[in-house]
Every structure is written in C-alpha cells, then in structure tokens.
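Work out the full structure: start from the sequences and follow the hints.
This note's numbering numbers the first residue of the sequence shown as 1 and each following residue consecutively.
Since the hints were derived computationally from the structure, they do not count as laboratory data.
Keep in mind that the hints are not guaranteed to be accurate.
What the hints assert, rightly or not - Cβ pair distances, simulated, as ranges:
#: 1; residue 1: His95; residue 2: Pro172; range: 16 to 22 Å
#: 2; residue 1: Gly163; residue 2: Leu93; range: 29 to 35 Å
#: 3; residue 1: Ala113; residue 2: Leu171; range: 28 to 34 Å
#: 4; residue 1: Glu102; residue 2: Ala162; range: 31 to 37 Å
#: 5; residue 1: Thr99; residue 2: Asp144; range: 17 to 23 Å
#: 6; residue 1: Thr184; residue 2: Pro128; range: 15 to 21 Å
#: 7; residue 1: Ala113; residue 2: Pro150; range: 27 to 33 Å
A virtual CB, placed ideally from N, CA and C, is assigned to each residue, including glycine.
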Amino acid sequence: MKRRLGLVLAVSVTASFPALVALSPAAAGTRHHGHHRRGHHTRHKKHKRRRHHAPTPHTSGGGTSASGSTPPPSGSGSPSTSGSGSTPPPTVLSHLQVTEREFSIVPSRAAVAGGTVAVELDNRGQDPHDLLIQRVDGSGIQFDFGPAQPGSITSRKLNLGAGQWELLCTLPGHYALGMHALITVTG
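Structure, rendered in structure tokens:
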C-alpha cells in the first residue's frame with residue numbers, strides 16, 4: 001500500500017510541476033512574447049494650436065457684422081412642426097476656413113451661402129499675415145481680421161451678402177506675391 005501511495009504522489013507532483021512553474025511569480029517575469037516589452041512607454045503629446053479671438057470686425061460703407069448674434073442651430077436639425085407655426089426655421093450657418101501660408105490664401109470652398117458665415121483664419125505660415133475680406137463690386141464693405149501670428153487660428157461670424165468677395169493679405173508685398181483669392185456668396 002505504501003508503494004502505491006508513493007507512486008501516486010510521485011506521478012501527481014511530476015504532472016503538476018509545469019503548471020506550478022508557469023504560475024510562479026519568478027516565471028512570470030521571464031516569460032516574453034515578441035510584441036510585449038517591459039520598460040517605459042512614451043506617449044507623444046499632440047500640440048494644440050493657439051486660438052486667438054479678435055474683436056468685432058469693422059465695417060465701412062454700410063456693411064454689417066453678425067459677430068456672435070446668431071446662435072448655432074440646435075436640436076435634431078429639423079424645424080418643429082408643433083405649435084402655431086410662427087417660429088421661423090433655424091438659421092443655417094455656413095462655414096469657411098481660410099488657410100494662409102507664404103504666399104498663398106486658400107479658402108476651403110469656392111462658394112458659400114449668404115447670411116451668417118463662420119470664417120476661420122488659420123495661419124500655417126512662418127510669418128505673421130492678416131486677412132481682409134471685401135466685396136469685389138467696390139461697395140466698400142469689408143471685414144478686417146487684423147494680424148495673425150504663425151500657428152494661430154482666429155474665428156469670426158460675418159454677415160456676407162450675395163456676390164463676389166476677395167480675400168487678401170494687406171501686408172506690404174504679400175498681395176503681389178499671390179496672397180489673394182475670390183469666393184462667391186450665393187443667395
């Protein structure tokens with residue numbers, strides 16, 4: 001009987017030995033897989049661009065600016081049909097991003113709907129630039145964003161009427177070097 005007990009005990013220890021080794025804390029530190037590494041992990045931070053909010057644009061010749069006067073649409077995007085029907089549908093806000101570099105001005109689109117337009121000036125150049133938006137028809141309506149430092153983003157809400165508008169940098173020599181573009185405002 002002692003022999004049988006000794007044999008069973010020997011077989012049990014021998015069979016469970018690999019499982020015990022695998023579960024031991026010492027073995028856990030020595031086991032490596034090709035895709036796992038021990039040590040420090042480095043995370044790279046994305047740099048946020050600085051945002052500068054400039055004062056309300058000036059208007060000459062009777063133009064108007066809607067800086068901050070129209071809230072963005074809310075809800076599901078469709079007008080409510082309940083009630084007396086006297087509530088006007090929400091105003092759709094057009095968006096235009098203007099990217100400046102040495103020496104170009106690139107609008108995100110060639111045409112936008114008239115009315116309140118959210119304009120975002122993104123100076124990706126190495127030098128300061130500015131942005132003047134003016135009607136091509138010579139009516140004198142213009143919006144001046146003022147100087148924009150390299151890496152800065154400036155946002156404004158402007159009231160743009162239908163017609164052709166010119167985007168240009170007014171710094172000396174920049175217009176002649178190609179810093180101008182045209183957009184069409186519809187409606």
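Cross-check of the supplied hints:
no.	hint	result
1	His95 / Pro172: 16 to 22 Å	31 Å, violated
2	Gly163 / Leu93: 29 to 35 Å	19 Å, violated
3	Ala113 / Leu171: 28 to 34 Å	30 Å, holds
4	Glu102 / Ala162: 31 to 37 Å	32 Å, holds
5	Thr99 / Asp144: 17 to 23 Å	18 Å, holds
6	Thr184 / Pro128: 15 to 21 Å	28 Å, violated
7	Ala113 / Pro150: 27 to 33 Å	31 Å, holds
Violation of the numbered hints given earlier is confined to hints 1, 2, 6; the remaining hints are satisfied by the structure.
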